[in-house]
Each structure stands twice: as C-alpha cells, then as structure tokens.
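Chain order of the listed sequences is A and B. First residue of the first sequence? That's 0 in numbering that gives the first Met the number 0, and the numbers climb one at a time after it. First residue of the second sequence? That's 0 in numbering that gives the first Met the number 0, and the numbers climb one at a time after it.
It is worth saying that the hints were derived from the structure and are not from the lab. Errors might be hidden in some of the hints.
As the list claims (entries may be wrong) - Derived list of chain A stretches under chain B, where covered just means 3 residues or more per stretch with a C-beta under 8 angstroms from a C-beta of chain B:
hint	stretch
1	11-18
2	21-28
3	31-45
4	48-60
Unchecked claim - Covered stretches of chain B (chain A as the covering partner; in silico rule of three or more C-beta atoms under 8 angstroms from a C-beta of chain A):
hint	stretch
5	25-34
6	59-65
7	88-95
8	186-192
9	255-267
In this text, a Cβ means the ideal position worked out from N, Cα and C, and glycines have one as well.
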Amino acid sequence: MANQCQYLEYRDQSDEQEYAEPRAYCTVVDRFVQPMRADICNCRYGLNPKIDCEFFLESEDAV
Amino acid sequence: MGYRSYLDRNPVIITAALTGGVQGKETVSNLPESPEEIAAAAEACERAGASILHLHARRPNGERAFSRERFQQVTDEVRDATEDMIIQHSTGGTAAPDELRAEPLMTNPAPEMASLDMGPLNRYERLTSENTRQLVKDLHSVMRERKIKPELEIFNGGHLNETLHILDEFETPPYVSLIFGGGTTTIPHPRNLINLVDNLPTNVEFNVLGFGPHQLPMTTTGLFLGGHLRVGMEDNAYYRRGEFAESNAQLVERAVRIASEVERPVADTSQAREILGL
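The shape of chain A in the complex, shown without the other chains:
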C-alpha cells in the first residue's frame, strides 16, 4: 500500500484563504479535506483510501 492516496496533494492556498502550512487537498472532489479525512488520505493508523474513502471509490468507479 502506498503511504498516501494518489489523489492527495498539499496546497497552501484556496480561492479564499492562504495557509501557513500546506493542507490536505483531494483532487477527486477538488477541495481541501477535513483533518479527520486527511488521516485516510495519508494511510495513517492502518486506514486505506481504497477501502475507507468513498471519494476514492467513486473516482475508481467512474474510470
């Protein structure tokens, strides 16, 4: 398993905000994700986007 989701990027600004530290951004849904979801994106604590993330699964279904 990769150590992070293939759709995860870290960005330091949105249309409305700039962040001192880059934050987790999901390229499937095109938005920053909540901190709890970022743990899935980063495969922390045994989480796996291919199993635990509905955004990932919807994206794979669409392909």
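Since the structure of chain A is already known, use the hints to place chain B on it.
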C-alpha cells in the same frame, strides 16, 4: 436534577469546546488550531464565563494529533494564558489505535478531566469510532490512576445503557454529556433530552451539547432541566443561520446571557469544581 434543579437556581457549568478533531480551517477559517491560537481562545472564553475547556490537539497543518507531546504543548499554552480553568482533554480519536487514545491523559500535570466516549459512532461513509467496552475500561482505568474525572460522552441512548452499568464505579458524582445531532448521535429534540434525563440516576450531573443548529436550542432546553452546557466551535461553527461565529468566546457570551435571562447562575471555576467533586 431535572426541573427541580432549575427551580432551585442551581449553577450551570459552561464548557467551551474550542477546536475538535473533525473539521479545520478549511471549513471554518477562524477555528483555533495551533497551541497559541487555542490558548488565545481559551483566555477569551475564561473571560466570557466558561469554567471548563475541552481541548484537542492538532499538527501544524491542522491535522489531528494524539501524542502526549502535542497535548503538552497545547495544555502548557492554555495554562499560561488562563488563570484558573478546568482543563479537559479529549480522548476521542476515530480510527486512531487504542494506545494513542490514552496519550492525552499522560501530560504533566494531568488534566483534571478527560472525555470518555461511551460507545461506537459512525464517521463519514466508511469509518466507525469503535470505542469498545474494553477501550472504555482501559481509558477509565488510566483516568482513575491519574485522578482524572471522566466526562462520559453519551452520543445516543445505547451509550446511556452502557454508562448505567459503570456508574457505581464512581466516588464523585458522575458527569455525563448528552449529545444531539445527526448520524449516530441522539435525534435532536427536546423530548429526547427529557427522556434521557429521566433515565439518569439522581446523583448524576449532566451536560448538554448539540451539533450545528442544534447547539442553541438543546443547550437552552437543558438549562430548564438543571443541566450544564457545552458550546464552542468544535460543535457548531455558526452564530446564527448563515453567519459564522466570530469566535468561541462569542458562543460562550451568548450562553452566559441566556443563562442569566432564565435565572441560572453561571458557575465560576471553584463552584464547578465543587459540583464535579474535583
């Protein structure tokens, strides 16, 4: 407890839940995340009338942190910024391994209180915070060893069933939080609050919190039932419909005003400690 407590004008303890562990600045730009931001919010909430601070820790990028070291940074900053607040660390942590869940209990000094989730709850589409009975027992055991009073978080009626079985383990009045919102929390309705309160033993002190638009009505209803209340941006980012809260303190200030209007005196910290048996 109950309406009699309201008639007796018993003091209400106000908890401020400043940050939480779910959303961050991507959702609420003024949510305090860093230790310094959390400390500033804590100081403002103390001035506004809160006596308990419910704390979570975050990494520098806003993501969740469970380590003792990060909680130490947060609690040190908060203790420096405030005069005399009851510090309550969260032990919540959907998907985090059990051993990490006890980390917030290990700061020096230990927090006076800590949350204890009393059963499973769902998150997103595919996550469940399991909070097994064994984990509840293990966390409670650490709390007893470290003389930390648990805030028993009851997200639904099933969790109250779980809680009733352990109440005889307490030497001081048990303190439970009745939680209302969507998903696995209790359906937010005054009738359901009354029902839960009716099922509490008489020696239990209860706190009410509601998520999002339910924060104001459920906490206000709790005032008439003798309950304590929790407000803050962890649970609700809005001051009113379509208008974000300016700060955690703004939500505390409103709670203080409402309590005053309905003639529930707001407990200062020493009164809160007395009520809680700290």
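Here's how the hints hold up against the structure:
1. With 4 residues carrying a beta carbon less than 8 angstroms from a beta carbon of chain B, the stretch 11-18 of chain A meets the three-residue requirement, and the given coverage holds.
2. Here's how the stretch 21-28 of chain A fares: 3 of its residues keep a CB closer than 8 angstroms to some CB of chain B, so the rule of at least three is met and the hint holds.
3. By the rule of at least three residues with a Cβ nearer than 8 angstroms to a Cβ of chain B, the coverage given for the stretch 31-45 of chain A holds, with 13 such residues.
4. For the stretch 48-60 of chain A, the proposed coverage by chain B is satisfied: 4 residues have a C-beta within less than 8 angstroms of a C-beta in that chain, meeting the threshold of three.
5. Interface restraint, the stretch 25-34 of chain B with chain A: holds (3 residues with C-beta to C-beta distance below 8 angstroms; minimum three).
6. Here's how the stretch 59-65 of chain B fares: 5 of its residues keep a CB closer than 8 angstroms to some CB of chain A, so the rule of at least three is met and the hint holds.
7. Interface restraint, the stretch 88-95 of chain B with chain A: holds (3 residues with C-beta to C-beta distance below 8 angstroms; minimum three).
8. Three residues within the 8 angstroms Cβ limit are the bar, and the stretch 186-192 of chain B against chain A gives 0, so the coverage statement is violated.
9. Given as covered by chain A, the stretch 255-267 of chain B fails the check, having 0 residues with a CB less than 8 angstroms from a CB of that chain where 3 are the minimum.
In terms of the numbered hints stated before, the structure departs from hints 8, 9, listed from lowest to highest.
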